[in-house]
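> Make a model of the complete structure from these sequences and hints.
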Amino acid sequence: MRLSTVAIPLGHAWTSPFVRWQGPLSELNSIDLAVDVTARALRERGLDPESISFAALGSTVPQLGSFYLVPTFTARLGAAAVTGPAIAQACATSAATIQAAAVQVETGAHDIALAVATDRTSNGPTLLYPAPSRPGGAPLTEHWVLDPMARDPATGQSMLDTAENVAAEEGISREELDAVAVLRYEQYVAGEDVRKRCQVPVRVPGRKSATVIEADHGVRPTTAEGLAGLKPVKPGGVVTYGTQTHPADGTAGMVLTTPDRARDLSGEGIAELLSVNFARVEAARMPKAPVPAALAALADAEVKLDAVDAVVTHNPFAVNDVYFSRATGFALDRMNVAGSSLIYGHPQGPTGARAVAELIEILRARGGGVGLFTGCAAGDTAGALVLRVRD
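Following our numbering, the residues of the sequence shown are numbered contiguously, the last one being 435.
Please note: incorrect hints may appear among the correct ones.
[Unchecked claim] Just the calculated beta-carbon pair ranges, DEER-fashion:
#1 48 with 252: 50 to 58 angstroms
#2 175 with 346: 31 to 39 angstroms
#3 276 with 124: 23 to 31 angstroms
[Stated by the list, open to error] Straight-line distance between alpha carbons at most 25 angstroms, and here's what the computed SDA-like set of lysine to any residue pairs gives:
#4 278 with 191
#5 278 with 409
#6 240 with 84
#7 275 with 195
#8 275 with 191
#9 278 with 201
#10 278 with 348
#11 348 with 46
#12 278 with 265
#13 240 with 307
#14 278 with 204
#15 278 with 192
#16 278 with 423
#17 240 with 275
#18 240 with 409
#19 240 with 87
#20 348 with 413
#21 275 with 193
#22 278 with 46
#23 278 with 202
#24 275 with 202
Read the hints as simulated data drawn from the structure, not as lab findings.
Quick reminder that beta carbons are idealized off the backbone N, C-alpha and C, glycines included.
Pasting the structure below:
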C-alpha cells in the first residue's frame, strides 16, 4: 500500500522498556501498561488526548478486559469519544496497526490517529474450549503463548523448525549465527542514545509504592565465548538460546497525522510514512518472509533498496538477518545499528512499533533519510514499511 499524506511528528513515536517475561511486568495487565505509557508519552509531548479522533490498538495475548479493548483504552486516556479496531496479526501486529491508523489519515477520515500495540507474554492464559463429545466432556485446552510457538496448525512445525529449515537449505552455519548475535549485542550497547530518545518509563503499582522501570530488563551480555558453549536447542541444529530472542512484556506506539500537522506538532521535522505491505512464503520457512515483504513495501514506495539509509528488522532468529543479507546484498553491519529484538526481546504485538520508533531516531540522528522496517510473523508471513525522515 502506497501512502502519500501520512506522517509521524518527530519525537512522537515511543516505546516502553521491554522486560524479559516473568520479570517486573509479569503481573501488569498489558492494557494497564498501554494506558500508563501512552498517557505519559502524550503528556510529555504536549498532545491533548482529546485532539485524537481515531485509535488502533494491537494486542495478541488476551488479558482481563480485552473484549472492550479500544473503548477501555481510549476512555482511560481521556479520549472517551474515540474508538477504533483491535488488531492481532501475530508478530506483524504493529505493521497492521500502523497501517490501520495510516489509512484513516490517508483517506481524510481522521486528522490525528493513534497507533499503539501492547502485549504481556508473561502468565499467558490457558483457554478451555468446551468439547461435550469427548470422554467425560473434558475440554480442549490451549496455552495461548506457548502452544503457537510449538506448532503451526497449518504445517505442524514449530517456529524453531522454520529457522532450522531455512538454515539447512541455505547452508547457514552455527558460526555465522553466533557472529550475528554478537554483532547485534554490540550494536545494542552502542545504541543507548537511540533508546533514550524514544523510551518512556513504566510505572508498576505496588502495595507500598510504585516501581519505575526506565530501561530494558533482562538483556543478557552476549559474547563469542559464551555462545560457543551453548548447545543447539534442537539436536543436530544450529540455533541456540543465544541466537534466538526471548519472550518479553512491553508496549509501543506513535501518532500519525498529515505532514503539515505533523510539523506543527513536532516543531521540527517529520517521518513521512511511504508504504506498508505484507508477504507470505512457502510453508515452514518463516525467516524468509521479511525479504518479499520488504521488497513489496519498497516497490509501493518507489524506492530502491540501495537508496535506503537504515534497515531495522524484527529478527526472532539470527537466521532471519543472515538470510536477508544474502538475499538482498544489504550488509549485516548496516542493519539494526542500535540493536534489535534478537537482543532486547519480543513481546509479540509491540515489537515492530518499537523497531519503527528506533528507526526514526536513527535517521533523525543522521539528519534524515529513508528507512525500512521488516519483520517476520507466525504463519510464514511478514510485515514491512518504508518511511522518510525530513524537515
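> Each hint: holds or not?
We went through each hint and held it up to the structure:
At about 52 angstroms, the beta-carbon gap between residue 48 and residue 252 stays in the expected band of 50 to 58 angstroms. Take residue 175 and residue 346: their Cβ atoms lie about 52 angstroms apart, and the range 31 to 39 angstroms is violated. Between residue 276 and residue 124 the C-beta distance comes to about 52 angstroms, which lies outside the given range of 23 to 31 angstroms. A C-alpha spacing of about 17 angstroms is found between residue 278 and residue 191, which places the hinted pair at or below 25 angstroms, so the restraint holds.
Only pairs whose Cα atoms come within 25 angstroms are accepted, and residue 278 paired with residue 409 is rejected, the gap being roughly 41 angstroms. Of the pairs offered as hints, the one joining residue 240 and residue 84 holds, with about 15 angstroms between alpha carbons and a cut-off of 25 angstroms not exceeded. Note on residue 275 and residue 195: the hinted pairing holds, with a Cα-Cα distance of about 22 angstroms set against a maximum of 25 angstroms. Using a Cα cut-off of 25 angstroms, the hinted pair residue 275 and residue 191 holds, with the two alpha carbons roughly 23 angstroms apart.
For the hint linking residue 278 to residue 201, the alpha-carbon distance of about 13 angstroms falls within 25 angstroms, and the restraint holds. Our distance criterion of 25 angstroms between C-alpha atoms is broken by residue 278 and residue 348, whose separation comes to about 38 angstroms. For the hint pairing residue 348 with residue 46, the CA-to-CA distance comes to about 14 angstroms; that is within 25 angstroms, so the pair holds. A C-alpha spacing of about 23 angstroms is found between residue 278 and residue 265, which places the hinted pair at or below 25 angstroms, so the restraint holds.
Under the criterion of a C-alpha separation no larger than 25 angstroms, the hint pairing residue 240 with residue 307 is consistent with the structure, at around 22 angstroms. A hinted pair counts as satisfied when its Cα atoms are at most 25 angstroms apart, and residue 278 with residue 204 qualifies at roughly 8 angstroms. A C-alpha spacing of about 17 angstroms is found between residue 278 and residue 192, which places the hinted pair at or below 25 angstroms, so the restraint holds. At most 25 angstroms may separate the alpha-carbon atoms for a hinted pair to count; residue 278 and residue 423 meet this at roughly 20 angstroms.
At roughly 34 angstroms between alpha-carbon atoms, residue 240 and residue 275 are farther apart than 25 angstroms, so this suggested pair is violated. For the suggested pair residue 240 and residue 409, the alpha carbons sit about 12 angstroms apart, so the restraint of at most 25 angstroms is met. The hinted pair formed by residue 240 and residue 87 meets the criterion: a straight-line CA distance of about 17 angstroms does not exceed 25 angstroms. A distance of roughly 13 angstroms separates the Cα atoms of residue 348 and residue 413; the hinted pair therefore holds under the 25 angstroms criterion.
Simply put, residue 275 and residue 193 have alpha-carbon atoms about 20 angstroms apart, close enough for the 25 angstroms limit, and the pair holds. With a C-alpha separation of about 41 angstroms, the suggested pair residue 278 and residue 46 falls outside the 25 angstroms cut-off, and the hint is violated. Annotation: proposed proximity of residue 278 to residue 202 holds, straight-line Cα distance about 11 angstroms (limit 25 angstroms). A C-alpha spacing of about 18 angstroms is found between residue 275 and residue 202, which places the hinted pair at or below 25 angstroms, so the restraint holds.
Checked against the numbered hints listed earlier, the structure breaks hints 2, 3, 5, 10, 17 and 22; every other hint is satisfied.
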